[in-house]
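Trainee: Now for the letters of each chain:
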Amino acid sequence: MNNVILVNLPFIVVALLLAVGFYTIGFKRNLIKVVIGIEILEGAVNLFLIALGYVKGAYAPIYTMAPKEAVNNMVLPTPQALTLTSIVIGVAVSALMLAFAVNIYRHYGTLDVTKVRRLKG
Amino acid sequence: MIEHLPALIIAVPLFGAFIAPLLKKKGSAPAVWAIIITGVTLGMALLLVRGVLAQGMMVYVFGADKPTLVLPSGYRVPVRIIFEVDAIGAFMALSATLMSFIGALYSYSHVRNETGLEKYYALLLLLEVGILGMVLTGDLFNLFVFLEIAGIAGSALVGFRNYRGEASEAGIKYLIVSAVASLMVLFSIGLLYGQYGNLNIAYLSTQISFNTVDMIALGILFASFAMKCGSVPTHHWVPDAYTEVPSGINPTLLVATYASLYALFRVSFSLFGNITVNMSSLGWIMSILGVLTMFIGVTMALVQKDVKRLMSYHAISQTGYMLLGVGVGLAVLNDPAKLEAFGRDAMAGGIFHIINHIIYKSLLLMTAGALFYVTGTRNLNEMGGLARKMPYTTIAFIVGAAAISGIPPFNGFASKFLIYETSYQLSPIFAVFAMVTSVLTLASFVKVFASAFLGPPVKKYEDVKEVPRSMVVAMLILAALCLLFGLFPNVVLDKLVYPAVDALLKLSSYQTWGGLP
Numbered sequence: 001m002n003n004v005i006l007v008n009l010p011f012i013v014v015a016l017l018l019a020v021g022f023y024t025i026g027f028k029r030n031l032i033k034v035v036i037g038i039e040i041l042e043g044a045v046n047l048f049l050i051a052l053g054y055v056k057g058a059y060a061p062i063y064t065m066a067p068k069e070a071v072n073n074m075v076l077p078t079p080q081a082l083t084l085t086s087i088v089i090g091v092a093v094s095a096l097m098l099a100f101a102v103n104i105y106r107h108y109g110t111l112d113v114t115k116v117r118r119l120k121g
Numbered sequence: 001m002i003e004h005l006p007a008l009i010i011a012v013p014l015f016g017a018f019i020a021p022l023l024k025k026k027g028s029a030p031a032v033w034a035i036i037i038t039g040v041t042l043g044m045a046l047l048l049v050r051g052v053l054a055q056g057m058m059v060y061v062f063g064a065d066k067p068t069l070v071l072p073s074g075y076r077v078p079v080r081i082i083f084e085v086d087a088i089g090a091f092m093a094l095s096a097t098l099m100s101f102i103g104a105l106y107s108y109s110h111v112r113n114e115t116g117l118e119k120y121y122a123l124l125l126l127l128e129v130g131i132l133g134m135v136l137t138g139d140l141f142n143l144f145v146f147l148e149i150a151g152i153a154g155s156a157l158v159g160f161r162n163y164r165g166e167a168s169e170a171g172i173k174y175l176i177v178s179a180v181a182s183l184m185v186l187f188s189i190g191l192l193y194g195q196y197g198n199l200n201i202a203y204l205s206t207q208i209s210f211n212t213v214d215m216i217a218l219g220i221l222f223a224s225f226a227m228k229c230g231s232v233p234t235h236h237w238v239p240d241a242y243t244e245v246p247s248g249i250n251p252t253l254l255v256a257t258y259a260s261l262y263a264l265f266r267v268s269f270s271l272f273g274n275i276t277v278n279m280s281s282l283g284w285i286m287s288i289l290g291v292l293t294m295f296i297g298v299t300m301a302l303v304q305k306d307v308k309r310l311m312s313y314h315a316i317s318q319t320g321y322m323l324l325g326v327g328v329g330l331a332v333l334n335d336p337a338k339l340e341a342f343g344r345d346a347m348a349g350g351i352f353h354i355i356n357h358i359i360y361k362s363l364l365l366m367t368a369g370a371l372f373y374v375t376g377t378r379n380l381n382e383m384g385g386l387a388r389k390m391p392y393t394t395i396a397f398i399v400g401a402a403a404i405s406g407i408p409p410f411n412g413f414a415s416k417f418l419i420y421e422t423s424y425q426l427s428p429i430f431a432v433f434a435m436v437t438s439v440l441t442l443a444s445f446v447k448v449f450a451s452a453f454l455g456p457p458v459k460k461y462e463d464v465k466e467v468p469r470s471m472v473v474a475m476l477i478l479a480a481l482c483l484l485f486g487l488f489p490n491v492v493l494d495k496l497v498y499p500a501v502d503a504l505l506k507l508s509s510y511q512t513w514g515g516l517p
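As you go down the protein sequences, you meet chains A and B in turn. The opening position of the first sequence corresponds to residue 1 in this note's numbering, with each subsequent residue numbered one higher. The opening position of the second sequence corresponds to residue 1 in this note's numbering, with each subsequent residue numbered one higher.
These aren't lab readings, by the way, just hints derived from the structure by calculation. Predicted model only: the values in this text are computed from it and were never measured. Errors might be hidden in some of the hints.
To be verified - Here are the computed lysine to aspartate or glutamate pairs in the EDC-like style, where the Cα-Cα straight-line distance is at most 16 Å:
#1 A:120 / B:166
#2 B:66 / B:166
#3 B:389 / B:466
#4 A:120 / B:306
#5 B:459 / B:382
#6 B:338 / B:421
#7 B:460 / B:382
#8 A:56 / A:69
#9 A:115 / B:382
Build out the structure end to end from the sequences listed, making use of the hints.
Mentor: If you want it as structure tokens, here you go:
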């Protein structure tokens, strides 16, 4: 029983992080906190991808200078490549969102999403 | 040369996007550069369409010894990034490149007085790259990457006029929606990868067994792409983004939205096309979403005072027609008799409506941009009597308004009529809603026409003139396309639309390429 929880621990953490991220996006008023919520979501998804690719006792998929016993005992490189790409994209998204937030603060004098509402109708 | 087209069509605008910032101090050089690059890409898209229609699906494998060599020796599963261009992908690529070209042409005068134009054109080209990548790729993760590129470039363009607070507000709304949607897409890609160990759409579709995890992945993918294509109930970002973006970007941004719609169709028809049980209920969901989208969009448009915002709500309502048309086809996908009787035509109506809508909505948003260019306001109550001052814009507006309301002989009629006829056979209520929506659309455009173009001349605008030539040319090209597509719908249907529909329907031809078992 204990073992099951331990093996699935990363996925439980992913579920928790997803819940926290969606809560933050949905219920927080400060724009910076909304951005942080999206970052938490991204962390959850990246952790999910990494946890998918993990094999107990296997070697990292680096082929140069690999030891003999690593042959036929490597994890798949794809999830790790996916995660790296997703991290790089995430940096661009968060930088752009924070730039928008700064610009909104300059024009509206507040970061409260309930007050940033000139576009309506 | 022709076999490298799918890669070149991505590479050329990408190259253009990275060169554009170097032309910073050269006056209108970035604009000319963008027009050249988008023109070349348009030519390549035409060649691509011709190639795909002549010889069937084109497959391009990145990094292989020969670009058509799908499997390295000794492998049983596809491992590389593979572009699979079938008729519907080529159709979307043609729409994207055509609209980027028109947008660049229009932008030449429209944003001439702004600063930071080299970044504007670089982002325009990047947005084009994102759309083209989304519609040509055959790889799920690659789809996510290009979805993000289009999302980032699009929202940066929405916030381009950063001296206005509203632009940043609309930009962050768009960016939050697209970031959440694409993260959820990545999550469900992870779910599928964890089970089947592959990312290729065609290979995955042969493997999918539709257990619980697959159902969750399908639900998340459906919801995320519906969110990105602006369907009700997550339509709130559309009017803000379309209103605040400079009018020259509107055509490309519209295609970016419909690239998400394309991804939605791809997921429903290709990725999960093998499932015979639940697809009809998914089709019903799609049709009902479509009806709700068109009706809610048009009723919200009726009360608007801002001319661009009114037209943006119409963009939501027109998305409903496409969802309805293709949803009707999806609902009868597993019933060959009904599919033959009306399902295929319904899908043709939906897909034909994509290109028609892109054309006339870009035209309408451009006329709104022209009104803003000469009057400096978007409020309908402050305009009046502009018809005599701006004859070309007036003609363009009348053509666009007639097309969006479905009046023959313009192009909106051709596709809307197909949708009325076929959705009636699935459920008469759908057709009734579609027709009521059309009438309401006409009503709101009569309102715009009366208050902006007719009426007594306003003193403030006594010495306004017609907009500069490149804007007029861009608008007249689109107006001519409206008329051409409306007069000869059969040519477009036979050459472009029905092959695209068949590409969606014939899953087995999508799955068997390169000699996969």
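Trainee: Of the hints stated earlier, which fail here?
Mentor: 2 and 9
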